[in-house]
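Student: Sequence:
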Amino acid sequence: KIESNNLQQRIDDLHTEKEELEDKMKNNFATKKLEEKLEEEKWKYLAEISSLKQQIEALKVNIVEHEETSKENRIDVKEFERMKKENLELKKDLDENKKDRQINCLRRRLQKTETQIRIFTKRLNPQEND
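First residue of the sequence shown: 1, per my numbering; consecutive thereafter.
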């Protein structure tokens, strides 16, 4: 009977040890699955980080290009303002020149008219000329 009890105890111990090993295997399997999932997530996030870094670099290049364009536009705006001012001055000069031309035209017409008046006066009064 002692031997039977010992054997039964041994069987019970082996059952317990078997259950413990099965639990460890299950836990080990679950741990491995968790580790795999974590590794998968890690690579997913590393890829996302890499993509975001590339986007940041592209945006930096874009910003530099926009800054250069903006600088060129500021120069163009200054040049445009200068040209507008110059254009206004030229318009004033043109208006003044038009007035001068009109005055000159009127002077010439006046001279012609005066000449014609003298001619007509001579014709009407030929003795006054002598």
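Please keep in mind that the hints were generated in silico from the structure rather than gathered at the bench.
Be careful, since some hints might not be right.
Below, simulated DSS-like cross-link-like pairs (lysine-lysine); rule was C-alpha separation at most 30 Å, straight line [claimed, not checked]:
id, residue 1, residue 2
1, LYS37, LYS26
2, LYS60, LYS42
3, LYS33, LYS44
4, LYS99, LYS85
Student: Does each hint hold? Answer for all of them.
Tutor: Against the structure, the hints come out as follows:
1. LYS37 x LYS26: holds, 16 Å
2. LYS60 x LYS42: At roughly 27 Å apart (the allowed maximum being 30 Å), LYS42 and LYS60 satisfy the hint.
3. LYS33 x LYS44: Answer holds: LYS33 to LYS44 is near 16 Å, not above 30 Å.
4. LYS99 x LYS85: Holds, at about 21 Å.
The structure fails none of the hints (numbered hints given earlier).
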